[in-house]
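Chains as they are written, first to last, in the numbering used here: chain A, 1 to 375; chain B, 1 to 499; chain C, 1 to 367.
Honestly, the hints are just simulated from the structure, not real lab data. For glycine and all other residues, C-beta sits at the position ideal for the given N, C-alpha and C. Some hints could be false.
[Claimed, not checked] Heads up, simulated DSBU-like pairs for lysine-lysine below, C-alpha to C-alpha not over 35 Å straight-line:
id, chain 1, residue 1, chain 2, residue 2
1, B, K200, C, K80
2, A, K2, A, K29
3, C, K300, B, K484
4, A, K198, A, K266
5, C, K76, A, K2
6, B, K459, C, K180
7, A, K198, A, K265
8, C, K300, C, K76
9, A, K272, C, K300
10, A, K272, A, K235
11, B, K459, C, K357
12, B, K462, B, K489
13, C, K164, A, K319
14, C, K4, C, K329
15, A, K108, C, K207
[Unchecked claim] Which chain C residues stay away from chain B? Per the calculated CB distances, all over 10 Å, these:
id, residue
16, Q11
17, S259
18, R265
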Amino acid sequence: MKIKFCILFFCCLLFLTSCWDQRLLSQSKLVYGVGADLEKDGKLLVTAVIQTIAQASKGTSEPVLTNVIVSSLANTFSDSRTKIMKKISGEYATSKARVLLFHEDLAKEDLYPVLDIVYRDPRSSLGAKVVISKDKAADILNLRVVEESLISEEILEIVTTAETSTLVPEENVQSICPTLFDPGEDITLPYIGKTDDKMIDVYGIALFNGRKYTGYNIYDEEPTLLLMMKDEMKKYAKFTLEVNPKEKDERNRFISVQVKNNKVKKELKINKKNDITAEFDLNIKVEALEYPKDNLADQKEIKRLNKEISKQLTKKAEKLIKTLQLANCDAFGIGRDLIAFHPKVWKTLDWEKAYPKITIKPNIKVEITGSGIIE
Amino acid sequence: MSGTKNNPKNRSGSHMGFKYISMKLEENIDNVKKSLLHSSDLMVRNLEFANKKIGIVFIDTLIKSEVLETQIIQQIIQNPKETIEETVSIKEIKTSSSFDESVVALVKGNAVIFTDHETTAIILNIALLESRSIEQPDSEQVLRGAQDGFIESLETNINLLRRRINNPNLVIKYVTLGRESDTSLAIVYVDSIANDELVKEIERRISYIDVDYVTNVEEFIEDNSFSPFPQMLTTSRPDRVSANLMDGRVAIITDGNPSVLVMPITFFSFYQTSDDYNSRWMMVSFFRLMRMVSFIISISLPALYIALVSYHFEIIPIELVSNVKSSLEYIPFPPLIEALSMQITLELLRESAIRLPSPISQTLGVVGGLVIGTAVVEANLISNTMLVVISITAISSFATPDSEMGTSVRLLGFPLMFAAATIGLIGIVFGLMIILIHLCKLESFGTPYFAPFAPFRRKDLKDTIYRVPMWKMTDRPRSALPKKLRSAKNPRGWKQNEE
Amino acid sequence: MKNKKFLSRSQLMFFILQSQIGVGLLSLPYMVHLHAKNDGWISVIIAGIVVFVFMFIMWSLGKRFPNDTIYEYSNKIVGKYVGTVISFMYALNFFIISIFVVTITVNILKKWILTFTPPYVIIICIVGTGVYLARENLKVIGRFFTFVSLLILFLVFLELLSYKDANYRYLFPIGQAGFKNIMIGSHDSLTAMLGFESLLVIYPFVKGNAKDVLKYSTFAITIVTVLYTFFLITSFLVFSPEEIQLVSEPILYMLKALSYEVVERLDLIFLSIWVVPIITSFVTYLHIASVGMDKIFKQKNHKKVTLVLGILIMIISVFIPQEDKIIDKFNLIVSYSSYFFIAFIPFILLIVSIIRKKKEQNQLYEN
């Protein structure tokens, strides 16, 4: 009987002294977005956006959320956590961070050391989006409110919408990791910046080589083309092309098409001298969204438009490939294909030097299959 | 094999020590009055029969007066035959030479006729059973099923059962328990279906009961009194009992208690209602699944909430986190204290609602809901989300067809809450594992409690968390180990004969 | 020595399944990749075949003595003294492996979820729950194991969710790691598949003839091998070969980034549910160790012995420090010493029993 009492006593003791791992939600300060800039002396300026409840709405049923921006100078990301922790009340919780913003200067140095703590900490958020910014991250995050929504949510929504429109690749901290370590493929990340009227704009895609940002970007229609060639088309993909340059009226020169279907065939041809040619055959079916000239019922016109659009897109793709090779960014993962299917050839090459010299031939065929509810 | 059986000699009435019936009528009647301690409702009617003095002794409050008057007294006065037994027109006549037996018979509502110069007494059964009318039991309401329920009288209850099972194999065995109370019990089963070993085991366990007063034998004969789960089904519905009898189970009816015990039972029987067999199988399967979900919710939802909010808020998606956080922002207590206090308040509300008469309890429901709920949130004592969680838990635990099981399940949520507050989600996993191990261990009279899931019996699954159409249920469940497994033969044969 | 028939045939299958699936699976892709690179899945399949061979030896032994556990027939084969030594070694081996299971479970839980909780709390929970189940007879254990096998399906479903990031090119080229490396990978996989040696102890408790036992045990081993291969291939598809060298629990890691409408960090959910197969492995080892200790110390009360063993495990585990170095060493010792118990001794016993023509004298007819 006494033994049972002792055991019960110890169990109760356990409960009284427990909760070692408890991190109460009410006492945590949730960090929604983090930005990092490189300062002149090599230190990091880390800015954290914390979402809190405004004091005025205490007790009412509609809490008003506001942002609190905290920044600090530190040597590493983890060091910055310690320094920021000293400035805020409550627990500093980066586990729900949705956006990681890096200034392009910082990204030009190695990206991985900054991200190492995100990979190592069991509580970090690997689902955060990684974004490269043209302006300083601290400047962007200090905007606080953009078009009536809080800055971190704004960036997140903008990037997400861009992903759905096939303007930027869908990447988060976890998805870039395998590629960061892969010698045969390179990552591409969204590239945003602050506009003059205090809004955020997605400019294009930033190109990386290995773990460093190359400084090269691609703009306009090239990001969509790049993603389509990688077979990563999302819900929408649109092109606006100038097909009638001789028209007097500016608007009649252009056609806007939306991609309905995209079939990609990638072929690697290696000849005896180990010269590599990569051929991309794209078969795109589009629907015309906007064509003021309005004669899409005419089959001849459609055929002409098909040829013209195909020619234009192929030219754009060639320009895109030139930029890629200039930046030494193997976005298509041709190196990975070599490792997988032609390991002997891979072993003889130094991919850093060989990639800019290989030939990549795009071949785009466009077919207009629909034109909305009028002809 | 059997232990000390109930010793009839240790019964009430024998402490006065009169063992025999004397030849003298007055002495007998005096002794009777002394045995019953001169109870005011003890009456004697003196008559003459065949030139001998007889005395009819009866307890006035226990007998049917008109039967006494017309069938006994009138018959004796007007149509005397050779013996008293031939004269009276009573269905149950016994003779006895034991004084004890006569006194006990008196207390049970019999009239005892003592004859002068004879040492045998005649016992006539004219007991009056006051009982309420048969109506649907309050705690087990159904929409489409039968609307009658058991009442306190043993005879009426057996009547209700016999009318449903018109089978000569339906065995009723009377047992008397209780030294001072002499309560009657009836063990009911269908001999051609129920397992002989099971019946023997039940009788053996009952034979060990040696107490003064018994109304409910459940805790005396169940396998494990320390388990939070009931191991016998307690029901007041005759249709439920008869369905279980046809499955090979055994029922115990106690006089004075409208609840009937059915054994052996499995966990899933508590989640079946009579409605399930009166509706179509698709609806029934949906509702059965809902009840299973309600079980899981009522046991684990508060604990899950505590774990999520205290330890693992990363699991909550980002859109929800701000909502939850804002509702928790100004609450001074940790989530465990919030949950505990709200659960206890809810239990108090429930208890008080039972005690109060119905008009007041409705008002109290409104008061409890609005005032406590709203005011407590406005005062920033409990968070909104916690209220939502506790209410959903309460509602789902009330959805259990058997209220005893519902309460056990709700109470099992408390240790889970503590486990969640100590080590988070892992604590809940350990807690649920311990409960599951307990369910696998538990046996009700030799039947595994968690069948057909624990010893996995695929054939029995057809009537647990879903119900297959009636014509597919051709076999009895094996959990009661019945003698006859097959219960139906091709009930839709007409369809095949159509083509 | 009468051993009652507690387990049905399908319960046997689930028993062996749950004993094998344990904490080793979480770090299996990482361990195998160290040597076998992306041909690790071949290593797993080879390990499965090797497990089948070992199990076949154990089954043949059991077939000759259908009513005895190894603790009983080892006496019959090699005499009383050597037999008792062998029984004691087996019981001790199972005891040490259960301590090992507790230690690595505490390690993984502390690494991923409960960083600040003192180890003794987790140890008390694991050992407490384990003792609560292991003190029962095999009937109850079989029921529980059968029921929780449903959770494996759920875990497979969770894994399937991470396929949207899969890149099949990480798996190629095939066969470049070389035979020796693949065999080292098989050795690692074999350590993760330990648990089938419980057949030595539970064979007499199974309802069914020898052919049934073989059939259902083979089912169990096949399912485990297929499951492990599936998890392995998924890990290799999601992580590039260079990254997987950094990630020591790839199966959890790949779920960390997934985000859905209702729920986010799926790895926490996966790990919480995974605790259940881990505890079942622990229960198996504790139970067969206590059955052995029962027979050796001639105790009748199985429940008491289990409790005593549980308390011993608790006390010893508390004193093992949670350091990576020590755990790696422990892992090494366990994986190499297991060969002695799963391969060497059963084989020797089988040969000796064939040579000495020792079979069970009265073959009871089983139905």
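Now for the hints, and whether the structure bears them out:
Of the supplied pair hints, the one linking K200/B and K80/C is violated, its CA atoms being roughly 45 Å apart against a limit of 35 Å. Using a Cα cut-off of 35 Å, the hinted pair K2/A and K29/A is violated, with the two alpha carbons roughly 47 Å apart. Between K300/C and K484/B the alpha-carbon distance is near 38 Å, which puts this suggested pair outside the 35 Å criterion. For a cut-off of 35 Å, the pair hint linking K198/A to K266/A is broken: about 42 Å separates their Cα positions.
For the hint linking K76/C to K2/A, the alpha-carbon distance of about 44 Å lies beyond 35 Å, and the restraint is violated. With a C-alpha separation of about 50 Å, the suggested pairing of K459/B with K180/C is violated against the 35 Å cut-off. About 42 Å separates the Cα atoms of K198/A and K265/A, which puts this hinted pair outside 35 Å; it is violated. A threshold of 35 Å between alpha carbons decides the hint, and for K300/C with K76/C the separation of about 21 Å falls inside it, so the pair holds.
Between K272/A and K300/C the CA atoms are separated by roughly 79 Å; this puts the pair beyond 35 Å, and the hint is violated. Between K272/A and K235/A the alpha-carbon distance is near 41 Å, which puts this suggested pair outside the 35 Å criterion. A threshold of 35 Å between alpha carbons decides the hint, and for K459/B with K357/C the separation of about 44 Å lies outside it, so the pair is violated. At roughly 16 Å between alpha-carbon atoms, K462/B and K489/B fall within 35 Å of each other, so this suggested pair holds.
Among the hinted pairs, K164/C with K319/A is consistent with the structure: their alpha-carbon atoms are about 31 Å apart, no more than 35 Å. Between K4/C and K329/C the alpha-carbon distance is near 40 Å, which puts this suggested pair outside the 35 Å criterion. A threshold of 35 Å between alpha carbons decides the hint, and for K108/A with K207/C the separation of about 69 Å lies outside it, so the pair is violated. With a minimum CB-CB distance of about 7 Å to chain B, Q11/C fails to clear the 10 Å threshold, and the non-interface call is violated.
A beta-carbon of chain B is positioned within 10 Å of the beta-carbon of S259/C; the least distance is around 7 Å. The beta carbon of R265/C sits about 5 Å from the closest Cβ of chain B, which is not more than 10 Å, so the claim that it is off the interface is violated.
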